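Here the protein sequences come in this chain order: E and U.
Counting from 1, position 189 in the first sequence corresponds to residue 189 in this note's numbering; the numbering is continuous, with no gaps.
Counting from 1, position 8 in the second sequence corresponds to residue 1008 in this note's numbering; the numbering is continuous, with no gaps.
Hints are computed from structural coordinates only; laboratory data are not their basis.
Since the model is a prediction, treat every value here as computed from it, not as a measurement.
A virtual CB, placed ideally from N, CA and C, is assigned to each residue, including glycine.
Some hints could be false.
[Claimed, not checked] Not the full set, but computed from the structure, chain U residues with beta-carbon under 10 Å of chain E: (1) I1060; (2) F1089; (3) L1091; (4) R1118; (5) R1120; (6) R1172; (7) H1175; (8) V1513.
[Said to hold, decoys possible] Listed next, the stretches of chain U that the computed footprint assigns to chain E, with coverage defined by at least 3 CB atoms under 8 Å from CB atoms of chain E: (9) 1042–1051; (10) 1078–1086.
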Amino acid sequence: MAERLLLRSRDIPELRRIDVYLANGGYEAVRKALKQQPTELVELVKASNLRGRGGAGFPTGMKWSFLPKQNIKPVYLAVNGDESEPGTFKDREILENDPHQLLEGVIITAFAIGCHTAYIYQRGEFELGVRRVDEAIAEARARGFIGKNILGTGFDLEVYTHRGAGAYICGEETGLLESLEGKRAYPRVKPPFPATHGLFGCPTIVNNVETLACVPHIVLRGADWFRGIGPEKSPGPKLFCVSGHVVRPGTYELPMGTPLREIIYEHAGGIPNGRKLKGVIPGGASMPIFTPEEIDVPMDMDSVQKAGSFLGSAGIMVMDDSVCMVWATSILSRFFHHESCGQCTPCREGTGWLEKTLHRLEHGGADPRDVDLLLNIANNMQGNTICALADAAAMPVRALVTKYRAEFEQHALLGHCPFRPVEEPRARAHG
Amino acid sequence: MPTVEIDGRKIDVEDGLTILQAAERLDIEVPHYCYHPGLSIAGNCRMCLVEIEKMPKLQIACNTRVTDGMVVHTTSEKTKVAQKAVLEFLLINHPIDCPVCDQAGECKLQEYYMDYDRQRSRFPLPEKVHKKKAIPIGPLVMLDQERCILCARCTRFLDEVTKTSELAIHERGDHCEIDLAPGKSLDNPYSANVVDICPVGALTNRDFRFQARVWYLERTPTVCGACATGCNIEAYHRRGQLYRFQPRANPDVNQYWMCDAGRQSIHALQGEGRLTHPLLRGHDGFARATWSAALGAVAGRLADAAKRGPGAVAVVVSARAPNEEVFLLREIASHMKAQVAGISWSPADAFADDFLIKADKNPNSGGLRAHGLADDADALLAAVTAGTVQALVLHRTDLTAWRDAAAVRAALEKVPYLVVLDTDQREVAQFADVVLPLASYLEGDGTFTNAAGRVQRFRPAVPPPGDARVGWLVLTELEGRIAGTAFAETAAAVFARAAASVPAFAGLGYDAVGEHGRPSASA
Chain E
1 MAERLLLRSR
11 DIPELRRIDV
21 YLANGGYEAV
31 RKALKQQPTE
41 LVELVKASNL
51 RGRGGAGFPT
61 GMKWSFLPKQ
71 NIKPVYLAVN
81 GDESEPGTFK
91 DREILENDPH
101 QLLEGVIITA
111 FAIGCHTAYI
121 YQRGEFELGV
131 RRVDEAIAEA
141 RARGFIGKNI
151 LGTGFDLEVY
161 THRGAGAYIC
171 GEETGLLESL
181 EGKRAYPRVK
191 PPFPATHGLF
201 GCPTIVNNVE
211 TLACVPHIVL
221 RGADWFRGIG
231 PEKSPGPKLF
241 CVSGHVVRPG
251 TYELPMGTPL
261 REIIYEHAGG
271 IPNGRKLKGV
281 IPGGASMPIF
291 TPEEIDVPMD
301 MDSVQKAGSF
311 LGSAGIMVMD
321 DSVCMVWATS
331 ILSRFFHHES
341 CGQCTPCREG
351 TGWLEKTLHR
361 LEHGGADPRD
371 VDLLLNIANN
381 MQGNTICALA
391 DAAAMPVRAL
401 VTKYRAEFEQ
411 HALLGHCPFR
421 PVEEPRARAH
431 G
Chain U
1001 MPTVEIDGRK
1011 IDVEDGLTIL
1021 QAAERLDIEV
1031 PHYCYHPGLS
1041 IAGNCRMCLV
1051 EIEKMPKLQI
1061 ACNTRVTDGM
1071 VVHTTSEKTK
1081 VAQKAVLEFL
1091 LINHPIDCPV
1101 CDQAGECKLQ
1111 EYYMDYDRQR
1121 SRFPLPEKVH
1131 KKKAIPIGPL
1141 VMLDQERCIL
1151 CARCTRFLDE
1161 VTKTSELAIH
1171 ERGDHCEIDL
1181 APGKSLDNPY
1191 SANVVDICPV
1201 GALTNRDFRF
1211 QARVWYLERT
1221 PTVCGACATG
1231 CNIEAYHRRG
1241 QLYRFQPRAN
1251 PDVNQYWMCD
1261 AGRQSIHALQ
1271 GEGRLTHPLL
1281 RGHDGFARAT
1291 WSAALGAVAG
1301 RLADAAKRGP
1311 GAVAVVVSAR
1321 APNEEVFLLR
1331 EIASHMKAQV
1341 AGISWSPADA
1351 FADDFLIKAD
1361 KNPNSGGLRA
1371 HGLADDADAL
1381 LAAVTAGTVQ
1391 ALVLHRTDLT
1401 AWRDAAAVRA
1411 ALEKVPYLVV
1421 LDTDQREVAQ
1431 FADVVLPLAS
1441 YLEGDGTFTN
1451 AAGRVQRFRP
1461 AVPPPGDARV
1471 GWLVLTELEG
1481 RIAGTAFAET
1491 AAAVFARAAA
1501 SVPAFAGLGY
1511 DAVGEHGRPS
1521 ASA
């Protein structure tokens, strides 16, 4: 096993406590960074080719450089710890077990972008994460890493935690900003982008927890070191969340670009109970599925995209051959139907339509034309909305229907799921 | 100045203009629901998606600013597919209860379905999401959540214009619904504007709903006379009956809005109390008379009274009279050396705000001022009380209601000859020798000068009741009988005379005033 950085807390007990953290080289990155010029840090992160770990994979240093040069407003840093993509549980481990690693990333980033107020937004369910981060903030403040005149450099920074109230859409960066402002988390129409008009109308950078956790390591070890891990255009240590039908589900820290097959069969121990792989979603519930023939793909942003899916949040969801793909699709669609904010027409109406159509296929009442209808609904949704939730709902449906079409047609012809006992068509209650 | 090409046609536009606005300049309609020029951009309906060359995804025309060399297609195959898809999405959970929906005929779902969709439903009827219907959410507004397309025009209006935020979107996804915030009622003074801007039948006007199918109604562009703002409106009417007022956009006066009080003032305009025939007092009280007989009698008696010397005849004209009537009354008075006074009365507790609603509830206070008159009737009334006035003309003046009623009654008893010109039966008519029934401002041409000094035209939507006549027509004939002046054929001709002699109206005419008014020289 290679050295673990992001998951160092697994090797060092109680790393979340600041004395343990300091005893293990903690806050050295902050000390080093605050002696540099902010622009040097932006250039360093640019040179490292660090790309966002939240799902979109946008180059982090480039994002920072979008902040307006002539600016009199406060600059905010919003840390995205909403982690609501199904199959994703990587940020949680950092928030709960290594909060100082995140705070170091927050302090360095804030310094680099000229920010004096940072918010760490966590999903409502992360009660422990919020508590641990709050404790860490208090510890860091007591040691002079947060507050006024940090380490005597004259740099001031306040860091606050904020708990969401439990909506997937709060993880969309502008939905997150609306939520932070106390509003309904409707993603914002872009442009303008958060870098110019973000939180409270001020320039704002939104970065994922894991992304910021990478920053102190880049500061300490340099851009070349980071760029040397995995493919140069999409490098670095990466957390992969493996769930579903594997022997050892969990979060794995591996070099970016580790082959999907290796992750499933070596690190996660393969498929249990002598079953065979039927499909794997590589990047969280919203990404297109891979068939067993497609898993020889390096798990980095560009390679996965080239293979027809996205690395997304690196939530690897493994399904063995006991899974009914129509049922699996309907579960995914139910989630997106439930989580659509309802702002844009295609997503608001399309997510429900997909779920209802899939429910008919699985539980009875479907029409052979419903298979093509699914593709048509998904096509009409994708790319036509303010945020990516419609794409997130449409892409897995398109991939599943296309790649497992025979199974969908079988459902449509039979009028129910071939893998489960025949049931009455569901009673259709009004409402 | 960027040059943009839309559907093969090029146009130079200023920086910052959106595709939707640039298309409007070319008379190209980009269909839209959530976009409203008076509100912030929501970008949620997705109906205005257009194809832009060199952009992989369709973009919303309402929020995409044109750039130089941009090439836009609003009718390309990709655009059509998206438009059709959005319409289908909007309709899958819509109740399609058009036959019982008051919006039918002015519904953007109906219109765009015919223009962009025209396909059979692919959505099973029993799977529609059902929501609450016919919920009264305020004195004027009825909500149907099922018909709502969640464009958020109403919530934006209430957040951004009235800043009262009575409505909000609740729930998520296709269970989203517009509803009142807890403990609120949609009862702000501008509440019914949400009905106008609702593109579908989700918000209907409780006062108007089920009164008429809109396709039977005719529309007349005019102005509201309920206060001194003079909001530009459209009067909807059919067969001589008024049905509703809706605001007409005028960025210099009322933007896109009007107040509820102005909207509701429609009911008083065709009320029970309208005067319908000239009345002459005889031995047995009032008797109906022809206009010719009535005006002949009035002209004769006023001329006789005028012979008693300057000030023997007195005229009171209120700020409810249009400019044309004020002008003609001054001309007539001047010929008879009569004293003239204005009266501009509003209730002491009249509601006002810093948006559209003025405490001055008269539509033409500005016009009185332009004519050198104001609320200056008290000296004249003292003369009446003193018994020195031989003949008094009360023009659109409800004197007992506007001044101390007992004192007015005592004074009116003393006047040898009283002429009352008005739209409605009021107490002063009891003291009159002649009552002349006038048209309301919905029944003839004319102009008001609003509080800001803007001259605005009103136009006839419905005919006057019975034998009632348009004020300027009555007065030009009276002027002819008294002074021998030429009969004015049109209100425009009267205004032209006013423009030639009243400095405030210099250079103005009906053509110049047009549909959106013009500032007068006094403004």
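Results of checking the hints against the structure:
1. I1060: 8 Å, holds
2. F1089: 4 Å, holds
3. L1091: 9 Å, holds
4. R1118: 16 Å, violated
5. R1120: The hint is violated - U:R1120 has no Cβ within 10 Å of chain E, the shortest such distance being about 12 Å.
6. R1172: Since the shortest Cβ distance to chain E is 5 Å, the answer is holds.
7. H1175: With a minimum Cβ separation of about 7 Å from chain E (threshold 10 Å), the hint on U:H1175 holds.
8. V1513: 39 Å, violated
9. 1042–1051: With 7 residues close enough to chain E, the hint holds.
10. 1078–1086: Coverage by chain E holds here, the residue count being 4 at a Cβ distance below 8 Å.
Hints 4, 5, 8 from the earlier list are contradicted by this structure; the remaining hints agree with it.
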